[in-house]
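> Turn these sequences into a full structure, and let the hints guide you.
Residue numbers (this note's numbering), protein chains in the order written: chain A, 1 to 331; chain B, 1001 to 1400.
Hint data in this document are derived by calculation from the structure and do not stem from the laboratory. Just so it is clear, CB atoms sit at the ideal spot from N, CA and C, and this is done for glycine as well. Heads up, a few of these hints could be off.
Unchecked claim - The following label-pair restraints were derived from C-beta to C-beta distances:
(1) Gly-1251(B) - Glu-6(A): 54 to 60 Å
(2) Glu-83(A) - Ile-1162(B): 38 to 44 Å
(3) Ala-160(A) - Gln-1046(B): 28 to 34 Å
(4) Gln-1342(B) - Ala-160(A): 55 to 61 Å
(5) Arg-1054(B) - Ala-74(A): 54 to 60 Å
(6) Arg-1044(B) - Ala-74(A): 54 to 60 Å
What the hints assert, rightly or not - Pairs of lysine to aspartate or glutamate residues, derived as DMTMM-like cross-links and limited to a Cα-Cα distance of at most 25 Å, are as follows:
(7) Lys-1368(B) - Asp-1230(B)
(8) Lys-1368(B) - Glu-1336(B)
(9) Lys-111(A) - Asp-1296(B)
(10) Lys-111(A) - Asp-1295(B)
(11) Lys-205(A) - Glu-16(A)
(12) Lys-111(A) - Asp-1323(B)
(13) Lys-205(A) - Glu-6(A)
(14) Lys-111(A) - Asp-5(A)
(15) Lys-111(A) - Glu-133(A)
Chain residues, written in single-letter form:
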Amino acid sequence: MSRLDETFAALRRRGERALLAYFTAGDPSLAETRRLVAAAARGGADVVELGVPFSDPLADGPVIQRAGARALAAGTTLPRVLETVATLRADVGVPLALFTYYNPLLAFGLKAFARTAADAGVDGVLVVDLPPEEADPLAAEARAAGLDLVHLVAPTSTPARVRLIARRSRGFIYVVSLTGVTGERHELPPGLGAQIRTLRLVTTKPVCVGFGIARPDQVRAVGRLADGVIVGSALVRLVEERAGSPTLAADVERFVAELKAPLRERPGGSGEDRPTRMRPGGSGEDRPTRMQPGGSGEDRPTRMRPGGSGEDRPTRMRPGGSGGGRPTQDE
Amino acid sequence: MALKLLPDARGHFGRFGGRFVPETLMAPLVELERAYARARRDRRFQARLAGLLRDYAGRPTPLYLASRLSEHCGGARIWLKREDLCHTGAHKINNVLGQALLAERMRKPRVIAETGAGQHGVATATAAALLGLECEVYMGAEDIERQALNVFRMRLLGARVIPVEAGSRTLKDAINEALRDWVTNVRTTYYLLGSALGPHPYPMMVRDFQAVIGRETRRQALGALGRLPDVLVACVGGGSNAIGLFHRFIGDRRVRLVGVEPGGEGIATGRHGASMTAGAVGVLHGCMSYLLQNDDGQIATAHSISAGLDYPGVGPEHAYYRDAGRFEFVAVTDDEALEGFQALTRLEGIMPALESAHAVAYAMRLAKTLPRSRAIVVGLSGRGDKDVHVVARALGTELG
Chain A
1 MSRLDETFAA
11 LRRRGERALL
21 AYFTAGDPSL
31 AETRRLVAAA
41 ARGGADVVEL
51 GVPFSDPLAD
61 GPVIQRAGAR
71 ALAAGTTLPR
81 VLETVATLRA
91 DVGVPLALFT
101 YYNPLLAFGL
111 KAFARTAADA
121 GVDGVLVVDL
131 PPEEADPLAA
141 EARAAGLDLV
151 HLVAPTSTPA
161 RVRLIARRSR
171 GFIYVVSLTG
181 VTGERHELPP
191 GLGAQIRTLR
201 LVTTKPVCVG
211 FGIARPDQVR
221 AVGRLADGVI
231 VGSALVRLVE
241 ERAGSPTLAA
251 DVERFVAELK
261 APLRERPGGS
271 GEDRPTRMRP
281 GGSGEDRPTR
291 MQPGGSGEDR
301 PTRMRPGGSG
311 EDRPTRMRPG
321 GSGGGRPTQD
331 E
Chain B
1001 MALKLLPDAR
1011 GHFGRFGGRF
1021 VPETLMAPLV
1031 ELERAYARAR
1041 RDRRFQARLA
1051 GLLRDYAGRP
1061 TPLYLASRLS
1071 EHCGGARIWL
1081 KREDLCHTGA
1091 HKINNVLGQA
1101 LLAERMRKPR
1111 VIAETGAGQH
1121 GVATATAAAL
1131 LGLECEVYMG
1141 AEDIERQALN
1151 VFRMRLLGAR
1161 VIPVEAGSRT
1171 LKDAINEALR
1181 DWVTNVRTTY
1191 YLLGSALGPH
1201 PYPMMVRDFQ
1211 AVIGRETRRQ
1221 ALGALGRLPD
1231 VLVACVGGGS
1241 NAIGLFHRFI
1251 GDRRVRLVGV
1261 EPGGEGIATG
1271 RHGASMTAGA
1281 VGVLHGCMSY
1291 LLQNDDGQIA
1301 TAHSISAGLD
1311 YPGVGPEHAY
1321 YRDAGRFEFV
1331 AVTDDEALEG
1341 FQALTRLEGI
1351 MPALESAHAV
1361 AYAMRLAKTL
1371 PRSRAIVVGL
1381 SGRGDKDVHV
1391 VARALGTELG
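Given below as C-alpha cells:
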C-alpha cells in the first residue's frame, strides 16, 4: 500500500474527507516552500501537492501562472524541487504529490525522475498534459519506483475515457470540476454531482476534486460528494499577498485549518459517511441531484470548528445539468 | 516510405506528434478528428472547399521563374511558388478555409485562433467574415506592436484581437492563451490552429489543407520543366507552408526538400528560432517534437526578425522526416533574410514576407553552388507589405 492509499484508507475509517493543499514550489523561494508545506501539514492538510513551475502553463489561470513565473525567476528547477522534498521529509509525514507538466520530466529523464522522486519521498505525480494514451512510458517507470501516477478526469471525458482513467489512476483520481483553467470561482459547477456519480459507478478509488474551489463553504459542499478536496489558487494567492510577511506560515496554517474543518464533519452523524454509491441500472441515476445548502438529506446543520472564519454563507450549487452557465472567474 | 500511414491512429509520426493535452481537451480532439475524417470523405465538402480555393482564394497560384534573380545568382534557376498572391496575402488562407468550413459543419458558432505575424489571424478573420462566425484572435503583445497593420485589418474584418501579455508576449504565449480559452469554452468554440503543430489531428489536418501547394507545384513543374524540380526550399516556423509544399514530393527521392529556419542574430548568440538546428526533443502545445529549451525542460524564447517564425518548436512531421533523413534543415539569419528581401524586391519587383525572405535567401545561397540546369522551387509563402516598417527600421529608416 502506498502512503496515499494508507492516508485515504485512514481517513475513510475516521469518516473524514481529505484536504489536498497545493503550493507552487519555489514561490517565493524553495526555503519558504519547505516552511509552507510544514505549516499546511500542521493546519490539517492530508496531502500536499507541489506544483513544478513551467514556462508554458497552459492549464493554469493567472494566479498560478504568476506563481510559476516567480518561482522560475527565483531559480526553481525540478532537481531542486526534489532536493527540497528530500529535506522536508524529516519534518513532514503527509503524502506529497508533484503537479507538473510533462516536458520538465522528459528533460530530467523519466526513469531518473521516478527514482529520484521516490527516493526523495514523493508519493505521487500528476502530469496535467499527459493523458493515459500517452502515459505508458512514465507509468512504467513510476510503477517500478513505487510512485503513484494520478490521472485527471474532466467534465468533457466520455464514459469510455472515465473508465480508462479510473482504471489507470493510482493513489486517487483527480476530478477537474470544470471546463477551464485553475483559479478561484464564485460558484461551483452545476454538473459536478453528476460527474462524480458517473465516476463512482466505475471505481472505488478515492475521488478528489479540484479547480475552482477556494472557500470553506465550497470545500464543505464538495466534501459531501468526494473523498478529497483540492485547494490551489486560493492558497497560492494567500502566499502571493503575504510573501515576505513574518506571519506567512501562520496565515497559511490558519487558512488550511479553516478549509479542513468542514471535511471533519460527519455528514450523516452515524459514521456512515461514504457518499451513496449508485449502481448501473439503480434508481434515479438520471435524476439530477439537488445539492442544497445544508446538504443532501441531512437534517443536522453543519458546524464549523473553532478557527473557522465564521463565513457561513451557504454554497450555491445549481442542480446538475441545468443552466449550463459558465462559472464566473474572480479575475 | 509508407506515406499514407502517417500519422498513425493516435497521431504519432514515429516518436513525434501525439496528443499531450489536458484531459478536458481529449474528447473534443477526438470529436474533431472524427468530424474531419467524415468531411475528408464527403464529396460536397471537398467540392465546396475546392470552389472557395479557386474563386475566393485565387488558386492555383503561379509557379514563376525568377529570371533576373537567377541571373544575379549565376547558377541554378530559381522558381517561385506564388502563395503571396493568395487572397489575404499568404498561404494561411488554404488551411483556414478548410477548417472554417469544418467549424461550420460542426456547428461551432465561435472560432478562436492564435497569430504571430498576423497572417493567420487575418486569414481566420477573413474566413469568419465570409461564413458569419464569431472570431477572436490571440496575439502576443510584442507582435501586436510589430504588426499594427494586420491588427487593424483583423478589426476591420470584425474580429476581436486579444493581446497576450504573458511570457515572451509572442506566438507561443498566444497559443497558450488560445488553448486556455478552448479548454474553457470547448463546447461552443472551434480552435482554428494555424500551423502544422499542436495535438492530433491538427498536424495532419493542417498538412492536408496546405498540401494543395505541393500538388499544384508538382503539376506545374512537370508542365514547365518537363520534370520534377531538383530542390524545394521553404521557411519553417511551425512548418505549415513547408509541409504543404513538401508533402507531395516526399516519395520523389531525387527531390531535395530543405526547410529554412530563422537563425535570428546567429545560432551562436542563442537569439534565434532554429529548433531543428539547435533544439532537443520535448513536448509543447500538445505534441512531441524538437523544441528550443533549457536543460530543465523550460521552453526558451525564440528570436527572429520575422514574427511568423518566432516560435520555439516545429511541427512533428518535420521532426519525423528530419530524423528519417528526408528533410534537410538550414538556418538563415535576420541579416541574410533582409538581403533576400531586398534582392527579390529589386530584381523581380516582388516584395516577400520576411518569413519567405528566409527561403529566398537560402535559395540564392544554394543556387550559386549549382549548375544552370538545376531548378530550385521556393515556397514564397507570403507577401511583404506587412513587414515594410520592420524592414525600414532594420535598414535605419524611420517611417512617419
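> Would you mind marking each hint as holding or not holding in the structure?
Status of the hints after comparison with the structure:
The supplied range of 54 to 60 Å is met by Gly-1251(B) and Glu-6(A), whose beta-carbon atoms lie about 58 Å from each other. In this structure, Glu-83(A) and Ile-1162(B) meet the distance hint of 38 to 44 Å, their C-beta atoms being roughly 39 Å apart. Remark: the range hint 28 to 34 Å for Ala-160(A) to Gln-1046(B) is upheld by a beta-carbon distance near 30 Å. The hinted window of 55 to 61 Å between Gln-1342(B) and Ala-160(A) holds, with their beta carbons roughly 57 Å apart.
Roughly 56 Å separates the CB atoms of Arg-1054(B) and Ala-74(A), a value that falls within the hinted 54 to 60 Å. Checked against the hint of 54 to 60 Å, the C-beta distance between Arg-1044(B) and Ala-74(A) comes to roughly 57 Å, which is consistent with it. Straight-line distance between C-alpha atoms of Lys-1368(B) and Asp-1230(B) comes to about 14 Å, which keeps the hinted pair within the 25 Å bound. Restraint check for Lys-1368(B) and Glu-1336(B): satisfied, since their Cα atoms lie roughly 15 Å apart, inside the 25 Å limit.
Only pairs whose Cα atoms come within 25 Å are accepted, and Lys-111(A) paired with Asp-1296(B) is accepted, the gap being roughly 15 Å. This hinted pair checks out: Lys-111(A) and Asp-1295(B) have alpha carbons roughly 16 Å apart, not beyond 25 Å. With a C-alpha separation of about 15 Å, the suggested pairing of Lys-205(A) with Glu-16(A) holds against the 25 Å cut-off. Pair hint Lys-111(A) plus Asp-1323(B) holds up; C-alpha atoms about 24 Å apart against a cutoff of 25 Å.
For the hint pairing Lys-205(A) with Glu-6(A), the CA-to-CA distance comes to about 12 Å; that is within 25 Å, so the pair holds. Using a Cα cut-off of 25 Å, the hinted pair Lys-111(A) and Asp-5(A) holds, with the two alpha carbons roughly 23 Å apart. Note on Lys-111(A) and Glu-133(A): the hinted pairing holds, with a Cα-Cα distance of about 19 Å set against a maximum of 25 Å.
Violated hints are absent here; each numbered hint is respected by the structure.
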